[in-house]
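Those protein sequence lines, which keep their order, are chains B and C.
In case it helps, our numbering puts the first sequence at residues 370 to 777.
In case it helps, our numbering puts the second sequence at residues 8 to 222.
It is worth saying that the hints were derived from the structure and are not from the lab.
We treat Cβ as the ideally placed atom computed from N, Cα and C, and that holds for glycine.
A few of these clues could be false.
Taking beta-carbon pairs under 8 Å as the criterion, some of the chain C residues facing chain B (in silico) [as the list claims (entries may be wrong)]:
(1) GLU189
(2) ASN191
(3) GLY192
(4) PHE193
(5) LEU201
(6) TRP209
Simulated crosslink set (SDA-like; lysine to any residue; CA at most 20 Å straight-line) [claimed, not checked]:
(7) LYS606(B) <-> HIS689(B)
(8) LYS180(C) <-> VAL578(B)
(9) LYS498(B) <-> SER165(C)
(10) LYS47(C) <-> LYS172(C)
(11) LYS47(C) <-> SER165(C)
(12) LYS172(C) <-> TYR188(C)
(13) LYS17(C) <-> LEU218(C)
(14) LYS17(C) <-> ARG137(C)
(15) LYS498(B) <-> LYS47(C)
(16) LYS770(B) <-> PRO754(B)
(17) LYS180(C) <-> LEU523(B)
(18) LYS47(C) <-> ILE210(C)
(19) LYS498(B) <-> ALA217(C)
(20) LYS715(B) <-> ASN764(B)
(21) LYS172(C) <-> PRO198(C)
(22) LYS180(C) <-> GLU583(B)
(23) LYS180(C) <-> THR581(B)
(24) LYS180(C) <-> PRO564(B)
(25) LYS180(C) <-> ASN582(B)
(26) LYS180(C) <-> THR565(B)
(27) LYS180(C) <-> LYS767(B)
(28) LYS715(B) <-> LYS767(B)
(29) LYS498(B) <-> ARG212(C)
(30) LYS498(B) <-> GLY545(B)
(31) LYS180(C) <-> ILE584(B)
(32) LYS498(B) <-> VAL540(B)
(33) LYS498(B) <-> ILE207(C)
(34) LYS498(B) <-> ILE210(C)
(35) LYS678(B) <-> ILE663(B)
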Amino acid sequence: MGLKNNLHKLKLKYKGTKMAPAFNAIHTFLYLPDETTHNGTHIKAADDLKRTMNTVIMAMVPCLLFGMFNAGYQHNLQVGEIQAVTVGFFSPEFWALDNFMIGFWKIIPLVIVSYGVGLGIEFLFAVIKGHEVEEGYLVTGMLVPLIVPVDIPLWMLAVAVVFGVVIGKEVFGGTGMNILNPALTIRAFLFFAYPTWMSGDKVWVEGAVERTNEIAAGANLDAISGETILGTLAQGKAVTHSVADMFLGFIPGSVGETSTLLIVLGGLFLVFAKIGSWRIMLSSCVGAIVMGLIFNGVVSSGWITETSKFYGLMSTEFWHHLLIGGFAFGTVFMATDPVTASQTNKGKWIYGFLIGFLSIMIRVFNPAYPEGVMLAILLMNVFAPTIDHYVVQGNVKKRMKRLKAKVA
Amino acid sequence: MGLLSKKDAKLITDPLADNNPITIQVLGICSALAITAELKASIVMAVSVMAVLAIGNVVISLMRNIIPSKIRIIVQLVVVAALVIIVDQVLKAFAYELSKTLSVFVGLIITNCIIMGRFEAFALANKPWRSFLDGIGNAAGYGLILIIVGFFRELLGSGTLLGFKVLGDPIEKTGLYAIGYENNGFMLLSPMALIVVGIIIWIQRSRNTALVEDH
Numbered sequence: 370m371g372l373k374n375n376l377h378k379l380k381l382k383y384k385g386t387k388m389a390p391a392f393n394a395i396h397t398f399l400y401l402p403d404e405t406t407h408n409g410t411h412i413k414a415a416d417d418l419k420r421t422m423n424t425v426i427m428a429m430v431p432c433l434l435f436g437m438f439n440a441g442y443q444h445n446l447q448v449g450e451i452q453a454v455t456v457g458f459f460s461p462e463f464w465a466l467d468n469f470m471i472g473f474w475k476i477i478p479l480v481i482v483s484y485g486v487g488l489g490i491e492f493l494f495a496v497i498k499g500h501e502v503e504e505g506y507l508v509t510g511m512l513v514p515l516i517v518p519v520d521i522p523l524w525m526l527a528v529a530v531v532f533g534v535v536i537g538k539e540v541f542g543g544t545g546m547n548i549l550n551p552a553l554t555i556r557a558f559l560f561f562a563y564p565t566w567m568s569g570d571k572v573w574v575e576g577a578v579e580r581t582n583e584i585a586a587g588a589n590l591d592a593i594s595g596e597t598i599l600g601t602l603a604q605g606k607a608v609t610h611s612v613a614d615m616f617l618g619f620i621p622g623s624v625g626e627t628s629t630l631l632i633v634l635g636g637l638f639l640v641f642a643k644i645g646s647w648r649i650m651l652s653s654c655v656g657a658i659v660m661g662l663i664f665n666g667v668v669s670s671g672w673i674t675e676t677s678k679f680y681g682l683m684s685t686e687f688w689h690h691l692l693i694g695g696f697a698f699g700t701v702f703m704a705t706d707p708v709t710a711s712q713t714n715k716g717k718w719i720y721g722f723l724i725g726f727l728s729i730m731i732r733v734f735n736p737a738y739p740e741g742v743m744l745a746i747l748l749m750n751v752f753a754p755t756i757d758h759y760v761v762q763g764n765v766k767k768r769m770k771r772l773k774a775k776v777a
Numbered sequence: 008m009g010l011l012s013k014k015d016a017k018l019i020t021d022p023l024a025d026n027n028p029i030t031i032q033v034l035g036i037c038s039a040l041a042i043t044a045e046l047k048a049s050i051v052m053a054v055s056v057m058a059v060l061a062i063g064n065v066v067i068s069l070m071r072n073i074i075p076s077k078i079r080i081i082v083q084l085v086v087v088a089a090l091v092i093i094v095d096q097v098l099k100a101f102a103y104e105l106s107k108t109l110s111v112f113v114g115l116i117i118t119n120c121i122i123m124g125r126f127e128a129f130a131l132a133n134k135p136w137r138s139f140l141d142g143i144g145n146a147a148g149y150g151l152i153l154i155i156v157g158f159f160r161e162l163l164g165s166g167t168l169l170g171f172k173v174l175g176d177p178i179e180k181t182g183l184y185a186i187g188y189e190n191n192g193f194m195l196l197s198p199m200a201l202i203v204v205g206i207i208i209w210i211q212r213s214r215n216t217a218l219v220e221d222h
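Model the full structure from these sequences, guided by the hints.
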């Protein structure tokens, strides 16, 4: 309690000065505020913004831990230290702590940079604009390390976080006012600014870039590489990973998005905690399946030949699309962002469906942007208010009609 | 500004800041986004627009009393089209590579809203000397923003300024590149130009809150 009391005293001492929001921020970040509202209607609920965000973070922790393990696993697999999971699952090497620690030391800095820079900017804006600090970055800060390649240079991540938080969120008025999902804005910035670090066959495996440089400098080592499944398909090559690998997540990819199993568990947790919208998650999967089936249909009716550059991705079985790439992660953790998604229930169905539908379409038709789900969600973020507007107008019209019928 | 009276000097200084064609009137955005990936192209564009706008303003001002108002837009178009073709030919003759970079955008100076805007709003109602100054001032305000945007886009996007490798060589890995710096490819795409213009507008309005529009 000592810290809380000290913080409280500091807060009183600095009340009304320029730095007051900063002290308030530390105080409310660590503890419940000690004031309550004095008048007006009270609705008593345990879920404030902070707790809502913490629930989402909890849902992501399994993905984070598995991401750490997978980073080490992919590295050791490529170097030849361990055997693939299907063969070597019971071997002691597979369970060695080393697998986890490689990823741990690589990913913890990502988390620290993401939170450090992001919260730093939130503090700065709170002090400059003289309002209380907003907790909006808590979830974004955890999402960001999960959607970047493990080998991304830290300074690039820092630049992208500055861009994403300032341009994606603060210029619109801060938490709750943003049009685009900040985490995806950060990823999109990285993708367009530093494409060599966000695609290709090197960045997804820990140490692959470094090793390429060492080889170029004359070191006697074997090159290591790992292409994502989407990247492989886009080049029209055969995928070597089994469906079980895709579902469990033993595949190269961004840190936290490989394991569909853990994402589904996180998604169920969010649905039962009534924080994530099941309508968006479900309709997004439906949209992806519909688009996948259309493409499968095009292939099976022989409208495109095997020489077509779209053949590899089009002929991918429709349900594989749900397992590979960032689709599951985006659908569960980013499409459902309550600020940027549609607010009406009917709107959520449309919004989710189009995200799924467009994700797969972008994946197939533009192999240069293998991760369609990022662009699809950002696009639908922009359209979400329009969807809501027409849903609300439709409802108004319906009720006007009913009223007219009653009067007549 | 000893040469100019106070009123005339304002014609030049106003569009540079508080009545800037791009950041305040929000005109001429298209070309500001399209050709600012290189500083050199921005400068040439700024000079071209300045030539067209200053001369065009004088021509329109001289004719202002004899143009029937029903067909004034057509007359203005003829004047600006003639001037743009001259500028285009001059560029092709003396700076062929640059005119390639600028491609259609020199021709599209015709559609630059600033030019028709100044003809309509100023040259039709003022004498030639004042119209000339107004043209120089507005084109300078436009060019200033173009050059600022071009500076940041070329520096951060390609690591060069006017073609000089100021940050080191990205292939040889010298200068900043030796410690892992990389060019920001997003800067070379037009959306980033819009964001840079937006940031300039943000800074300008936060320094002079009188410029903030009412909702």
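Now for the hints, and whether the structure bears them out:
1. GLU189: 6 Å, holds
2. ASN191: 4 Å, holds
3. GLY192: Hint on GLY192(C): holds, closest Cβ of chain B at ~5 Å, below 8 Å.
4. PHE193: 4 Å, holds
5. LEU201: 11 Å, violated
6. TRP209: 7 Å, holds
7. LYS606(B) <-> HIS689(B): Measuring from Cα to Cα gives roughly 16 Å; hence the hint holds.
8. LYS180(C) <-> VAL578(B): Since the Cα atoms of LYS180(C) and VAL578(B) sit roughly 16 Å apart, the hinted pair holds (cutoff 20 Å).
9. LYS498(B) <-> SER165(C): 34 Å, violated
10. LYS47(C) <-> LYS172(C): 14 Å, holds
11. LYS47(C) <-> SER165(C): Roughly 13 Å between the alpha carbons, so the hint for LYS47(C) and SER165(C) holds.
12. LYS172(C) <-> TYR188(C): Status holds; Cα separation ~14 Å.
13. LYS17(C) <-> LEU218(C): With Cα atoms ~17 Å apart, LYS17(C) and LEU218(C) stay inside 20 Å; holds.
14. LYS17(C) <-> ARG137(C): Roughly 10 Å separates the two Cα atoms, so the pair holds.
15. LYS498(B) <-> LYS47(C): 38 Å, violated
16. LYS770(B) <-> PRO754(B): 24 Å, violated
17. LYS180(C) <-> LEU523(B): At roughly 19 Å apart (the allowed maximum being 20 Å), LEU523(B) and LYS180(C) satisfy the hint.
18. LYS47(C) <-> ILE210(C): Roughly 25 Å between the alpha carbons, so the hint for LYS47(C) and ILE210(C) is violated.
19. LYS498(B) <-> ALA217(C): 18 Å, holds
20. LYS715(B) <-> ASN764(B): At roughly 10 Å apart (the allowed maximum being 20 Å), ASN764(B) and LYS715(B) satisfy the hint.
21. LYS172(C) <-> PRO198(C): Given pair LYS172(C), PRO198(C) is violated - Cα atoms ~24 Å apart, limit 20 Å.
22. LYS180(C) <-> GLU583(B): 15 Å, holds
23. LYS180(C) <-> THR581(B): Within the cut-off at roughly 15 Å; holds.
24. LYS180(C) <-> PRO564(B): Roughly 18 Å separates the two Cα atoms, so the pair holds.
25. LYS180(C) <-> ASN582(B): 12 Å, holds
26. LYS180(C) <-> THR565(B): Status holds; Cα separation ~16 Å.
27. LYS180(C) <-> LYS767(B): 66 Å, violated
28. LYS715(B) <-> LYS767(B): 14 Å, holds
29. LYS498(B) <-> ARG212(C): The hint holds at about 15 Å.
30. LYS498(B) <-> GLY545(B): Cα-Cα ~16 Å, so holds.
31. LYS180(C) <-> ILE584(B): Holds, at roughly 16 Å.
32. LYS498(B) <-> VAL540(B): Satisfied, since the Cα-Cα distance of roughly 12 Å is no more than 20 Å.
33. LYS498(B) <-> ILE207(C): Holds: LYS498(B) and ILE207(C) sit about 19 Å apart, inside 20 Å.
34. LYS498(B) <-> ILE210(C): Holds: LYS498(B) and ILE210(C) sit about 14 Å apart, inside 20 Å.
35. LYS678(B) <-> ILE663(B): Status holds; Cα separation ~17 Å.
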